[in-house]
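Student: Start from chain A and add chain B according to the hints.
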Amino acid sequence: AQSVTQPDIHITVSEGASLELRCNYSYGATPYLFWYVQSPGQGLQLLLKYFSGDTLVQGIKGFEAEFKRSQSSFNLRKPSVHWSDAAEYFCAVVTSGGSYIPTFGRGTSLIVHP
Amino acid sequence: DAGVIQSPRHEVTEMGQEVTLRCKPISGHNSLFWYRQTMMRGLELLIYFNNNVPIDDSGMPEDRFSAKMPNASFSTLKIQPSEPRDSAVYFCASMNSGGFNEQFFGPGTRLTVL
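Line by line, the protein sequences are chains A and B. Note that the numbering used here numbers the first sequence so that position 7 is 92, with each residue one more than the last. Note that the numbering used here numbers the second sequence so that position 52 is 53, with each residue one more than the last.
Pulled out of the complex, with its shape left as it was, chain A reads as follows:
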């Protein structure tokens, strides 16, 4: 079965600094990868997704993620963080041949200092 690891429970950055959130997956074939964001008191919202093609994908709110097959990673990045980016971020994987049900990582909580 596939699994998703987000090794950082919390990340603290200063406003304006760059950001990288890590995500590693375990699956034999190419998975379908997602990043979701959960703002306080809200449900999860899709930031971006990777299915195939260009391994660098652009998402909403200025986020991007890069799929690296050799590292089994799909890290989320943003060049300059805004205070409103403070939220919980979830990486998820869906595998082919299955039920299309995503497996979510435990999440990374982003704290932004002014």
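Keep in mind the hints are simulated off the structure, nothing from the lab. None of these values were measured; they are calculated from a predicted model. Each residue gets a CB set at the ideal place from its N, CA and C atoms; glycine is no exception. Warning: the hint list may mix true and false statements.
Facing chain A, a subset of chain B residues (Cβ under 7 angstroms, in silico) [as the list claims (entries may be wrong)]:
(1) Gly43
(2) Leu44
(3) Ser98
(4) Phe101
(5) Glu103
(6) Phe106
(7) Gly107
(8) Pro108
(9) Gly109
The list that follows gives simulated cross-link-like pairs (lysine-lysine, DSSO-like), each with its CA atoms no further than 30 angstroms apart [unchecked claim]:
(10) B:Lys69 <-> B:Lys79
(11) B:Lys25 <-> B:Lys79
(12) B:Lys69 <-> B:Lys25
(13) B:Lys25 <-> A:Lys146
(14) A:Lys134 <-> B:Lys25
(15) A:Lys134 <-> A:Lys146
Tutor: Quick look at chain B alone, frame taken from chain A:
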């Protein structure tokens, strides 16, 4: 579209009482999911429906939990009797199945069992 609608947004009840959470998925979506989120266990899939039929309820923690989807526009998650350890945020999500599509989450119901 109003998105996935959940009610109530907050529920406080006493141990032993019955709790019913409600969800209206996005019109046209044929898959519906119930999740539970806690600090200790993260985001857990409880059950999902496809075309109103329960497909996998292996995540339902106990027989005290039950879910129904009488039609394509409504689902309930019931806990009877409730216990303090059921305190969590419960999310409903919907999506179009049959491909690697994103899930759309509702705002969640925060349940507190005293």
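Student: With reference to the structure, classify each hint as holding or not holding.
Tutor: Evaluated hints:
Taking 7 angstroms as the C-beta contact cut-off toward chain A, the hint placing Gly43 of chain B at the interface holds, the least distance being around 5 angstroms. Because the beta carbon of Leu44 of chain B sits about 5 angstroms from the nearest beta carbon in chain A, less than 7 angstroms, this interface hint is met. A cut of 7 angstroms between beta carbons decides the hint on Ser98 of chain B: the least distance to chain A is about 6 angstroms, and the hint holds. Hint on Phe101 of chain B holds. Least Cβ distance to chain A is approximately 4 angstroms, under the 7 angstroms limit.
For Glu103 of chain B, the shortest C-beta to C-beta distance to chain A is roughly 4 angstroms, which falls under 7 angstroms, so the interface hint holds. Interface hint status for Phe106 of chain B: upheld, as the beta-carbon distance to the closest one in chain A is roughly 3 angstroms, under 7 angstroms. Because the beta carbon of Gly107 of chain B sits about 5 angstroms from the nearest beta carbon in chain A, less than 7 angstroms, this interface hint is met. Hint status for Pro108 of chain B: holds, given a least beta-carbon distance of 5 angstroms to chain A, under 7 angstroms.
Interface hint at Gly109 of chain B: satisfied, since its Cβ lies 6 angstroms from the closest Cβ of chain A, which is below the 7 angstroms cut-off. The straight-line distance between the Cα atoms of Lys69 of chain B and Lys79 of chain B is roughly 8 angstroms, inside the 30 angstroms bound, and the hint therefore holds. Taking the CA atoms of Lys25 of chain B and Lys79 of chain B, the gap is about 15 angstroms. The hint holds against a cut of 30 angstroms. Among the hinted pairs, Lys69 of chain B with Lys25 of chain B is consistent with the structure: their alpha-carbon atoms are about 12 angstroms apart, no more than 30 angstroms.
Between Lys25 of chain B and Lys146 of chain A, the direct Cα distance comes to roughly 27 angstroms. Compliance with the 30 angstroms bound is thereby established for this hinted pair. Distance check on the hinted pair: Lys134 of chain A and Lys25 of chain B sit about 25 angstroms apart at the alpha-carbon level, within 30 angstroms; holds. As the CA atoms of Lys134 of chain A and Lys146 of chain A are separated by approximately 14 angstroms, the hinted pair is consistent with the 30 angstroms bound.
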